[in-house]
Amino acid sequence: MAVETMTRTTAIAEVPVRRARRESQLGLMWRRFKRHRLALVSLWVVLAFYLVALLAEFLAPADPSAYSARYTYAPPQGIQLFSTGEDGSWRFFPHVNGYATEIDQKAMRRTFVIDPEVEIPVQFFVPSDPYLLAGVIPMSVKFIGVTEARAPFYVLGADRLGRDLLSRLIHGTRISLSIGLAGVTLSLFFGIIIGGFAGYYGGWFDSAVMRVVEFIRSMPTIPLWLGLAAALPKDWTALQTYFAITVILSLIGWTELARVVRGRFLSLRTEDFVTAAQLDGASDWRIITRHMVPSFMSHIIAAATLAIPGMILAETALSFLGLGLQAPIVSWGTLLQDAQNIRTLATAPWLLTPGICVVVIILSMNFFGDGLRDAADPHGR
Amino acid sequence: MSALLTVEHLSKHFTLSGGWFGPERRLDALTDISLTVEAGETLAIVGESGCGKTTLGRCIIKAQPANEGRVVYHPKSGGEVELSALSKREIKPWRQDIRMIFQDPMSSLNPNMRVFDIVAEPLRIHRICKGKELEERVISTLEKVGIPAEAVGRYPHAFSGGQRQRIGIARALVLDPKLVIADEAVSALDVSIQAQVLNLLEDLKAEFGLTYIFISHDLGVVNYIADRVAVMYLGHMVENAPTEMLFERPRHPYTELLLEALPIADPLRRKGRKKEVLGEIPYLGNRPVGCPFHPRCKYAEDKCRSEKPALRPIEGTAQQAACHFAEKLHLKGAYEDAPEAVLHEA
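Heads up: the protein sequence lines correspond to chains A and B, in order. Its first residue numbered 226, the first sequence is counted upward by one per residue in our numbering. Its first residue numbered 12, the second sequence is counted upward by one per residue in our numbering.
Bear in mind the hints are in silico, worked out from the structure with no lab data behind them. You may find that some hints are simply not true.
Beyond 12 Å from chain B on every Cβ pair, some chain A residues (computed) [as the list claims (entries may be wrong)]:
hint : residue
1    : Leu251
2    : His261
3    : Tyr275
4    : Asp288
5    : Phe318
6    : Asp354
7    : Leu358
8    : Val366
9    : Thr372
10   : Ile441
11   : Met517
12   : Pro553
Here chain A is said to cover these stretches of chain B; the calculated rule only asks that three of the stretch's residues, wherever they fall, bring their Cβ under 8 Å from a Cβ of chain A [stated by the list, open to error]:
hint : region
13   : 106-112
14   : 195-209
Cβ atoms here follow ideal geometry from the backbone N, Cα and C, with glycine treated the same way.
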């Protein structure tokens, strides 16, 4: 009888243990997040941007550094889906039009006009020179492109050296977004460790850390970044500069996250369930990793998401001022450098498209982060 | 009966920082507390809020270090363990024997852990068992406190306050402890649930041969569950007596005051009662000279204002009280009715 009861008990117990996993905290969070429409849309936008960053080589029609003296400041060609025959009939024929050059007599300047006579067919999955996708997967096909060799294909126009802006934008997305992620990851690492120690152990270390944080945050950021960035050796490689800029950005970024983490630790430290774990005889490490961190991980994720746009903006600002990333690295900031003067803006306004990307991703990130934060808020439970 | 735990001259103070430049202040939470907990009894610690009863419980279990005095545990195997002198690592094995039940069932369970893991956590920390054995032990403990096995996969927010407190009790009992400190374990619950939980605690005590230190401000609850009562006031222990005697004839004016404040269900008997308790509990950082209770005591004399009474046994009884006039005063107990005269008037 006793044995029978025992086995039945465990048999009943096994099922619900597994079934209940679904309503974990992340599950609850996702359910609440989904109710936030704007945040959900933003999530898809953000994911799309990161997908572009990941597949940059595949999506970009051209090599971002391939220049062409024939097509400097060529305007954007619209992709046309239908072609009109001489008899006025329509047929499905995706193509771009070629360029014709005119000389502006007053300004003595060459300008491009779209030549509707020339139709260059556009196709998906066109063969190309072999390349490595994300640096690992060898491929020799592009997502979209023209089949004719040496035919111009400038969907978003060309820059000062006749480079394809769309391709540069796509490659710039990779750099700008990854620098945001890397910067936040680095900030998060320092923020959690330093803020965690300060919050958990308190005392003089806490006071010291918080004074340092206040000191760093009281400094005006742009001059500080400028100073640090200007101190980077000129002969560093592009990769070295990239990492150096990441470190410089996180140097300030960690303070905000450290504050958040410390605050959570402070409030959790006095919670009864943490005392209960201490009285269970749990080690500090176990208390922190098993009892404290899971209860504020969602907040940290939200805080980190909200910190990414700041990083992206900071990188863009630095590069725009010429002290962040340097050519030949392509980032949104370095692309916007080309749009610094009024003449360019007047003749080639399409060079501002990186700015649109910045605005869209920053807004999306902010909405997404807001939604996450609301979903992680325990008061909403 | 033999002593399971003795507390000797325990003192605890907190230092209040006055900011960067202000002076530091000292706040005495416990002053020279001595008590003995016999194996198998339920000792209640009562007092108003701020009297130090929770701090005492936390110092005993070493959730906070005491400043002076000793806490000595006498395990069944013999010998004595001075808990107050042990390091964090050394005390770990004894944490199995002495467990705590918390006041607030909402905050004492980790909201991110399933009930099964909450109760299994102590077993895992002490590496007592794992796998099938762990599962069986957790589930049987939960069933003993009345949580069905189907519910073990849920998170705490899916339970009511009473159920959560049962889970907290299961967490305390899963290690098969000897002494359980229940800090206001039923205060946060509805009265009907209080009774259920109290009965559960009684049943478990009988089943596992437990000893309780029951910290409470509710004398009604204490009367129901305790064998012996220690009354605290401003960090001092003012009376320590078997429950029956304490309710029958208190030996300290403060105890009388507390008993007077007990609600009486019968409105006729309620008549001649004093409406409010005299005075307020003073701020801990600004305690009176002499007997700590004298500003509120209606029997206070000059001696009380200058000389601090020590806790001492009262001749002819099993009671201890810290009052200069414990023998002389005839204080009113809880069972004494309002004077006859009042009833006649009505």
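Going down the list of hints, with the structure as the test:
Leu251 of chain A, annotated as away from the interface, has a beta carbon of chain B within 12 Å; the closest lies near 10 Å. Remark: the non-interface label on His261 of chain A is consistent with the geometry, its nearest Cβ contact in chain B lying 21 Å away (cut-off 12 Å). The claim that Tyr275 of chain A lies off the interface holds: its Cβ sits roughly 28 Å from the closest Cβ of chain B, which is beyond the 12 Å cut-off. Listed as outside the interface, Asp288 of chain A is consistent with that label: its C-beta sits roughly 49 Å from the nearest C-beta of chain B, beyond the 12 Å cut-off.
Under the 12 Å C-beta cut-off, the non-interface status given to Phe318 of chain A relative to chain B holds; the minimum distance is some 59 Å. Every CB of chain B is more than 12 Å from the CB of Asp354 of chain A (nearest about 52 Å), matching its label as outside the interface. Every beta carbon of chain B lies more than 12 Å from that of Leu358 of chain A, the smallest distance being close to 39 Å; the non-interface claim holds. Once the 12 Å rule is applied to beta carbons, Val366 of chain A is consistent with being away from chain B; the minimum gap is 47 Å.
Separation of Thr372 of chain A from chain B is adequate, the least Cβ-Cβ distance of about 57 Å exceeding the 12 Å criterion. With a least beta-carbon separation of about 20 Å from chain B, Ile441 of chain A lies farther than 12 Å from that chain, consistent with its non-interface assignment. A cut-off of 12 Å between C-beta atoms contradicts the statement that Met517 of chain A is not in contact with chain B; the least separation is 9 Å. Chain B leaves Pro553 of chain A outside its interface by the beta-carbon criterion, the shortest separation being 48 Å against a cut-off of 12 Å.
Counting residues of the region 106-112 of chain B whose C-beta sits closer than 8 Å to any C-beta of chain A gives 4, which meets the bar of three, so the coverage hint holds. Using a Cβ-Cβ cut-off of 8 Å, 0 residues of the region 195-209 of chain B lie near chain A, which falls short of the minimum of three, so the contact claim is violated.
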